[in-house]
Amino acid sequence: MRAFKYILVGIFFGFGMWKLEAISTFRIIEMFHFESFHMYGIILSGVVTGLIVTQLFKTGKIKTIQGVTKQFNDKDRTWPRYIIGGIIFGMGWALTGVCSGMMFVLMGAGYTVFVVFVAAAMTGTFVYGYLRKWLPH
Amino acid sequence: MYEYLVQVQEFISQPWPWWMGAPVIGITIFLLLYFGKEFGLSANLRIMCAADGAGDYADFFKFDWEKQGWNLMVALGAVFGAYIAANYFDADYQAHISQKAVTTLNDIAGDNILTYGDVPIVPGRDVLHQDIPEFWDIYSWKSLFSLRGLIIILVGGFLIGFGARYAGGCTSGHAISGLADLQLPSLVAVMGFFVGGLIMTWFILPYILRIGF
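Just so you know, the sequences run in chain order S and L.
Mapping the first sequence onto the working numbering, position 107 (from 1) lands on 107, and the numbers just tick up by one.
Mapping the second sequence onto the working numbering, position 36 (from 1) lands on 36, and the numbers just tick up by one.
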């Protein structure tokens, strides 16, 4: 049951992402060519509701299921990792039209070749973990 | 009752407008915060590496990954959710992109392959959807064994896995959760996503797509 509630959240999210066409490579190419508001609308509307929800939890107006105020950790303010890592991720995102959540969604929709895609992404994460101490952060 | 359910199914099966992002993302964030967690899907790649024993090779993977198992359940749920949406709640299986975007895609292909109002949602052939034009058959096993498919799937996947962890998050962790928490580092990361994405889309992707298939 503990795991089940997270599976339900995932089902809801995966269903929504498919219906919003956020999993479509064509939508991502369209976004990077600024030829539709659709993807920007999804991200902006998601951030606006996310912001309201996050503030309600942060100020303790809504408590977690355990009855405590949710603690948020500020992200480290060291910039090279966000700039370099961000650019590398962005290039992968635009090359494939798929981001790290959407590869699971597409696998579920029946595109089984995404098993290889996920394996490649795991390799990327592994190589990052291995090289981590030599990379500027 | 059955008639009513069919009507509900037909209603949901229509294409969704962008503002449905508000409830979809808002409710997802709400539930995960309510359970005491945070939304971020690329963390699963690190968890999967750790679960496969990557801790033997790098300290980055030495953490109590079993405590992060809930995140794998979210990803697993997304697999099921997509299966349900794609098979039972999608009327036309299309990406409803703009006329301008269709023109751009045809310019890249060098031929009027796609027509406005008839663009497949995923550029790839699967068992049920074989009518994808050859040029846009990227995500299939056949494509994996071509140079173009190999570059897109292997190099693209690698860049996503490497970049997401280097930046400390992906579209869900930075562009959604991070911005929603007003984290400046997340804004910098999202600007990085767009710089990388624009360079790739405008200067590199067309040439990769035009490699034979």
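Simulated from the structure, these hints should not be mistaken for lab results.
Please read all numbers here as calculations on a predicted model, not as lab measurements.
Virtual Cβ for every residue (Gly too), placed ideally from N, Cα, C.
Among these hints, one or two may not hold up.
[What the hints assert, rightly or not] Partner residues aside, some chain S positions facing chain L, computed with beta carbon under 10 angstroms: (1) 6; (2) 10; (3) 35; (4) 72; (5) 78; (6) 93; (7) 129; (8) 130.
[Unchecked claim] Using C-beta positions, here's what the derived DEER-type ranges look like: (9) S:127 <-> L:7: 29 to 37 angstroms; (10) S:55 <-> L:204: 51 to 59 angstroms; (11) S:119 <-> L:204: 49 to 57 angstroms; (12) S:65 <-> L:92: 55 to 63 angstroms; (13) L:36 <-> S:119: 48 to 56 angstroms; (14) L:68 <-> S:78: 22 to 30 angstroms; (15) S:71 <-> L:59: 33 to 41 angstroms; (16) S:69 <-> L:66: 38 to 46 angstroms; (17) L:134 <-> S:59: 19 to 27 angstroms.
Quiz item: Looking back at the numbered hints, which does the structure fail to meet, lowest number first?
Solution: 9, 10, 11, 12, 13, 15, 16 and 17
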